[in-house]
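*Asks:* One letter stands for each residue in the lines below.
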Amino acid sequence: MMNTFVVYVENKPGVLTRVASLFRRRAFNIDSLTVGRTEKPEVSRMTITAEADHDQARRIEANLYKLVNVLLVENITHEPSIVRDLAMIKVAATHEARSHVLELASVFRARVVDVAPDSLTIEITGAEDKIDGLLEVLRPYGVLEMVRTGIVAMRRGKNTISPATAINGELEIAEDDVSQSV
Amino acid sequence: MKPKTAGKTMTGAGILWECIEREGVKDVFGYPGGAILPAYDALKHSKIHHILVRHEQGATHMADGYARAGGKVGVAVATSGPGATNMVTGIATAMLDSSPIVCITGQVGSKLIGSDAFQETDITGVTLPITKHNYLVTHANEVARTIREAFYVAKSGRPGPVLVDITKDAQQTSAEFDWDAAKPQLPGYRPDLSPEQKEYEQALDLIHKSKRPVILAGHGIIISGAMQEVRDFAERAGIPVALTLLGIGAFPAAHPLNLGMMGMHGEAWVNHTIQEADLLLAFGMRFDDRVTGNLKTYAPNAKKIHIEIDPAEINKNVKVDVPLVGDLREVLHELLPHVESIDRSEWLDLIDKLKGDSAVRDIQNLPDSGHLYAAHVINDLWRETRDGDTVIVTDVGQHQMWEAQYYKHEKARSLITSGGLGTMGFALPAAIGAKVARPEAEVWVVVGDGGFQMTLCELATIVQEKLKVNIAIINNGFLGMVRQWQEFFYERNYAATPLLNPDFAKLAEAYGIRSMTVTERSQVVPSVRSAREHDGPVLINFKVEQEDTVYPMVAAGASLHEMIRRPSKIVETAADE
Ligand SMILES: Cc1cc2nc3c(=O)[nH]c(=O)nc-3n(C[C@H](O)[C@H](O)[C@H](O)COP(=O)(O)OP(=O)(O)OC[C@H]3O[C@@H](n4cnc5c(N)ncnc54)[C@H](O)[C@@H]3O)c2cc1C
Ligand SMILES: Cc1ncc(C[n+]2csc(CCOP(=O)(O)OP(=O)(O)O)c2C)c(N)n1
Ligand SMILES: [Mg+2]
Chain A
43 MMNTFVVYVE NKPGVLTRVA SLFRRRAFNI DSLTVGRTEK PEVSRMTITA
93 EADHDQARRI EANLYKLVNV LLVENITHEP SIVRDLAMIK VAATHEARSH
143 VLELASVFRA RVVDVAPDSL TIEITGAEDK IDGLLEVLRP YGVLEMVRTG
193 IVAMRRGKNT ISPATAINGE LEIAEDDVSQ SV
Chain B
407 MKPKTAGKTM TGAGILWECI EREGVKDVFG YPGGAILPAY DALKHSKIHH
457 ILVRHEQGAT HMADGYARAG GKVGVAVATS GPGATNMVTG IATAMLDSSP
507 IVCITGQVGS KLIGSDAFQE TDITGVTLPI TKHNYLVTHA NEVARTIREA
557 FYVAKSGRPG PVLVDITKDA QQTSAEFDWD AAKPQLPGYR PDLSPEQKEY
607 EQALDLIHKS KRPVILAGHG IIISGAMQEV RDFAERAGIP VALTLLGIGA
657 FPAAHPLNLG MMGMHGEAWV NHTIQEADLL LAFGMRFDDR VTGNLKTYAP
707 NAKKIHIEID PAEINKNVKV DVPLVGDLRE VLHELLPHVE SIDRSEWLDL
757 IDKLKGDSAV RDIQNLPDSG HLYAAHVIND LWRETRDGDT VIVTDVGQHQ
807 MWEAQYYKHE KARSLITSGG LGTMGFALPA AIGAKVARPE AEVWVVVGDG
857 GFQMTLCELA TIVQEKLKVN IAIINNGFLG MVRQWQEFFY ERNYAATPLL
907 NPDFAKLAEA YGIRSMTVTE RSQVVPSVRS AREHDGPVLI NFKVEQEDTV
957 YPMVAAGASL HEMIRRPSKI VETAADE
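Protein chains in written order, with our numbering: chain A, 43 to 224; chain B, 407 to 983.
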């Protein structure tokens with residue numbers, strides 16, 4: 043099944059490569075990966091979706107934790123959560139098609155963000171299947187170009203995963219650890 | 407305790423050595439070049455002893471051998487580009503066997519990065535999947551923290567290799583050096599997990615209910631330093647102990663509860679015992695495919711308890727009933743007081759019966775057929791060196807398996823071998839590292855004629871460093887282990903496995919190393935004795951039977967109990983005297 047992971051990582055060069063490389067190396071396929079800033083500049087937040095059964099999902103989580111720059115991993119697949127994807131779709135919309143396209147956009151609560159003589163660009167936010175649905179009905183008019191952000195996700199209600207909880211405080215190293223045998 | 411250093415200005419190169427010294431390192435293994443020259447220049451201000459190797463792969467294996475023999479972090483140094491890429495095999499070797507090494511590489515100036523500058527290689531990119539972690543340092547003021555973090559990451563939790571790539575300008579420019587302020591900052595790194603109370607109870611319940619339990623003793627015991635705890639546990643609970651290749655030495659070979667090595671070339675009765683068991687207690691081992699054989703038929707009636715520090719190992723190959731994630735020594739400390747002593751003589755008797763039908767004889771009692779077998783060489787070497795503080799470092803191949811079968815190791819860190827990557831060429835340099843870490847120990851290299859030629863350039867390092875390392879070449883004129891697979895699975899088509907070798911004795915002489923060539927069984931003991939008496943390195947070229955085969959063998963993909971056994975009556979395994 044498709045799993046959704048929320049991953050907090052240190053905002054450092056190369057961290058995205060480390061995460062992506064891990065999936066490749068362990069032969070898991072990333073379906074979607076988004077990364078962006080958080081309210082803490084030193085922390086970035088990723089939403090990763092990947093196909094995996096229960097056991098594989100647990101191993102993805104454990105392996106992510108092995109990356110030194112990974113702060114927190116939550117598999118929210120089975121949690122009540124809000125999942126959003128954003129798409130911009132440029133549709134061929136000549137005179138007679140234009141009103142139909144506008145109508146469809148409003149049914150899907152999508153917004154028109156650009157109007158040109160031969161085309162309309164529609165922006166839609168929602169769960170992936172909603173976007174798939176809009177795409178489906180627009181296709182007959184001619185989809186000229188499309189871009190999707192990949193999904194971002196967040197748990198509902200008071201179960202918050204904040205970057206502050208991700209940083210578990212400064213690491214304490216005892217003085218004698220320095221020469222401790224391994 | 408070193409004095410506080412706040413306020414002192416030093417070059418990045420100076421800070422590098424100062425930090426390495428403060429981490430308790432006395433010896434490093436390396437090879438210079440343009441991008442690391444500032445560091446080499448600064449070495450003159452340091453107490454660190456630098457050992458000049460002959461190939462950077464050697465430096466990494468030496469650091470690895472140093473770590474495995476001494477239980478400390480080993481350090482290897484190289485220049486950018488080809489120096490750094492030559493380290494790749496050694497890093498991958500350390501990664502698969504969880505060995506703590508820190509590799510320092512020079513990098514082109516930070517302004518040149520990304521420009522395909524002379525000897526520029528993206529070595530952090532190259533080594534990303536084969537290091538536990540790696541760093542690119544572009545400023546002198548990042549050197550101290552990075553080195554402290556590198557050592558901490560390398561040795562804590564599940565140990566592994568860490569690479570630190572330092573640009574030339576970061577070595578040359580100066581920064582304030584403040585050791586205390588450069589404390590590691592690793593907010594996401596959690597090496598210290600421990601099991602939940604409930605899991606301990608479930609484990610104890612399984613242990614107490616079990617009638618046919620076996621401990622699978624792995625490398626994690628040695629890493630954790632839990633040899634005594636494992637022994638206490640086995641003795642109190644009356645549970646026999648089987649060892650992985652890398653677990654050899656974690657439990658004394660002579661102990662009555664010791665069964666021997668499991669797996670592909672393990673003793674037949676050990677594999678049968680595992681298949682018959684109703685409970686497996688995996689202590690710091692990762693169920694490698696050479697250990698389990700076919701997973702579908704592996705220990706089908708056994709519950710499994712897995713004590714393991716790395717959560718990603720749980721349920722990776724074998725589904726377990728109770729995982730106890732944490733440091734083995736700590737977990738056993740928790741368990742021990744609650745373990746009840748149970749009489750399992752019925753089970754132990756059954757194992758004795760399994761042993762009985764496995765052709766247990768003493769190879770030394772066999773009449774001398776005029777042939778020199780590798781097993782004889784190894785067994786004699788064991789008899790001669792068993793009482794001392796001996797470290798055997800093996801390469802990869804048939805000789806490695808015969809060593810595991812015929813040399814009886816009583817102590818941890820007395821066998822050093824490349825298990826997970828199976829890196830030919832490991833033994834000679836790793837033995838150099840072992841000798842540097844433990845100068846008092848007697849160090850022997852046991853190496854095949856193939857693997858020896860992969861890193862033999864390090865003979866020069868032995869001589870230059872005046873190291874007393876003895877080398878036993880098990881010379882069968884073949885890439886023996888591959889030949890064995892061709893014998894079994896490719897209709898004896900010996901494609902690309904016969905070796906036309908140089909005269910190894912003459913080769914050693916050219917390096918100024920004393921040498922001997924042995925072709926008969928009666929010469930083995932005298933040659934070993936004479937090597938031990940000689941005050942300097944000795945190489946013995948043992949010309950052994952060419953087409954000898956390691957038995958038993960679980961073919962790749964076969965079930966653990968389906969072993970290929972020796973067809974004739976020649977001895978399969980040496981019993982104790
Ligand atoms: C030619 C050849 C033949 C081979 N044949 C065999 C064979 O017949 N039998 C055999 O056994 N092997 C064989 N091997 C070796 C095999 O490939 C593996 O390397 C070996 O089985 C691994 O042993 P291990 O799991 O004990 O050690 P490692 O691979 O080093 O694993 C150690 C485990 O312990 C864990 N650990 C580390 N520190 C701690 C701690 N403090 N507390 C708890 N856990 C910890 C680690 O996370 C890891 O999972 C062969 C290799 C070669 C090259
Ligand atoms: C670097 C490397 N290349 C290839 C192999 C595959 N391999 C495994 S064992 C072996 C033969 C080793 O021959 P030798 O060193 O003579 O030892 P023997 O088996 O004869 O004791 C080979 C080629 C390997 N393990 N490592
Ligand atoms: Mg050979």
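Some hints here could point you the wrong way.
[Claimed, not checked] Here are the simulated lysine to any residue pairs, SDA-like style, with alpha carbons at most 20 Å apart: (1) 725(B) - 68(A); (2) 108(A) - 450(B); (3) 414(B) - 450(B); (4) 108(A) - 731(B); (5) 82(A) - 592(B); (6) 722(B) - 93(A).
[Said to hold, decoys possible] Chain A side only, calculated, beta carbon under 10 Å to chain B, not exhaustive: (7) 63; (8) 67; (9) 69; (10) 114.
[To be verified] Quick list of the computed label-pair ranges, beta carbon to beta carbon: (11) 906(B) - 76(A): 36 to 42 Å; (12) 66(A) - 523(B): 26 to 32 Å; (13) 535(B) - 206(A): 46 to 52 Å; (14) 158(A) - 580(B): 54 to 60 Å; (15) 582(B) - 67(A): 34 to 40 Å; (16) 130(A) - 725(B): 31 to 37 Å; (17) 158(A) - 598(B): 33 to 39 Å; (18) 190(A) - 518(B): 50 to 56 Å; (19) 190(A) - 634(B): 56 to 62 Å; (20) 684(B) - 198(A): 26 to 32 Å; (21) 535(B) - 200(A): 37 to 43 Å; (22) 56(A) - 582(B): 48 to 54 Å; (23) 700(B) - 66(A): 26 to 32 Å.
Don't read these hints as lab results, they were simulated from the structure. Heads up, the beta-carbon is just placed ideally off N, CA and C, and yes, glycines get one too.
*Asks:* Hint by hint, which ones does the structure fall short of?
*Replies:* Going through the list in order, the structure violates hints 2, 9, 11, 13, 16, 17, 18, 20 and 22 and respects the others.
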